[in-house]
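S.K.: Quick mapping for you: the protein sequence lines, in order, are chains A and B.
Note that this note's numbering has the first sequence beginning at 1, numbered continuously upward.
Note that this note's numbering has the second sequence beginning at 1, numbered continuously upward.
These aren't lab readings, by the way, just hints derived from the structure by calculation.
Do not rely on the hints blindly, as some may be mistaken.
Unchecked claim - In silico DSS-like pairs for lysine-lysine, Cα to Cα no more than 27 Å straight-line:
#, chain 1, residue 1, chain 2, residue 2
1, B, K70, B, K24
2, B, K207, B, K118
3, B, K168, B, K135
4, A, K64, B, K168
5, B, K135, B, K238
6, B, K238, A, K64
7, B, K70, B, K135
8, A, K64, B, K207
9, A, K13, B, K238
10, A, K64, A, K13
11, B, K168, B, K24
12, B, K24, B, K207
Said to hold, decoys possible - Among the chain B residues that face chain A by a calculated CB cut under 10 Å, a handful are:
#, residue
13, M67
14, L122
15, K238
16, L263
17, N279
18, W280
Remember, it's a predicted structure, so these values are computed and weren't measured experimentally.
All C-beta atoms, glycine included, are put in the ideal place defined by N, C-alpha and C.
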Amino acid sequence: MTRTHRFALSDLKDGEARTFRREGNPWWFAVRQGDRVYAYVDRCPHTNRTALAWRDGAYLDGPKRYIRCAAHNALFDIATGRGVAGPCLGDRLTPLPVSIDHGEVAVDLSEALSYSTAR
Amino acid sequence: MRIIGPEELVFGVDDLEGARAFLKDYGLTETVWRNDGGTFQALDNSGITIRSRDDLTLPPPLPSNNMLRKTIYGVADQASVDEIAGELSRDRQVDRLDDGSIAAYDDLGFYLGFRVTKRRVLDMEPERLNTAGAKPERAFNVTGASPDMDATPRVMSHIVYFVPDVDKAEGFYRNRLRFELSDRFTNLGPFLRPRENHDHHTLFFIKTPPHMVGLEHVAFHMRGPTEVMLAGTRMIEKGYQSFWGPGRHWFASNWFWYFNSPLGAHLEYDADMDVVDENWEPRSMQAGAHQAQLFLFQYRERWTPTGEPEAEESSHS
């Protein structure tokens, strides 16, 4: 089963991130850096049950250099999802394939479908 | 050594305005705000101080980069401050600050302050329940629920540290600061309380690898379970992220709801914790999902059974 979510690149500002929800709970998120967009399942690999942000869309650290899990201050590389500091050192976020065509972002949610939103 | 409990935590954060907004929405009152940070208090004046992580007046950060910089304990009187200073100065440096408080590192690397308590003793309405088979606690014609009910944190309850050496941690707090053991999760750590405080615990440890040393969460007592649920629901509806809860713990019996925060640690709402005294017999067990809570719920958007079928998914920007 494949499923694709599409949104306009212009809807996500450079340096910002957005939460996408299922049944009211965080499911996956997207981060924009310049003209690139990265998407990951919204599950910290430390617990594999909990979402990363502390507020809707708050996935980056103060200087916006890393994705940060607010649960225990783990930092991840934005482009690769690899844990670079904190509890998730050596772990990796689950990436979702992203393609951008004529200003439209398409995110393949296949990998996200198996993730329950239960925490 | 009449220690009451933790009453002020100091953080060095990388998003001052985010932390400020969070703490106010969590329900603490902003009592001090300047360009370089501020202080946010519960109803009894216990609370949280935030500064920029680059602030050179802060104690240095933990090696894990956890944002907690100082844990300040309230004690009953100056004699107790002096007694703690005497005890700790036997084997470590004790800093004496201008305000009469003292500070020193514990055996785990946490910087602790001790001062004569600034807490206000509260004398407020409890949550009143009408229980079948017992005399109603609410008077006739007094309602128990309304959308505009207050839900304000009353008292700093407890803190939880990630530590690599739980035995060393327990030894320091029990042998040097005379904390009492309440219960123990054999695979995590002990629940401890200082002798001047009857709450089941003000301190708990979770064993972790060394690179995680830091504060896992700080909890504030709410009036009761209704306020825990209501305050948590309001946080969700403002876009904040639940970490765990709502639910009710087995050990300590407290209701809980934990939220992620820009402080890099969780803030918990809790209520109805057991109170214990010298007749309490500590329990010991291995903690798993069934031991960590009696039950656990998950937030969902409010709906009414007479409404439309629910959409399968929604997105928030």
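S.K.: For each hint given before, does the structure comply? Return the numbers of the non-compliant ones in rising order.
M.R.: As far as the earlier hints go, 2, 3, 4, 5, 7, 8, 11, 12, 14, 17 and 18 are violated by this structure, in ascending order.
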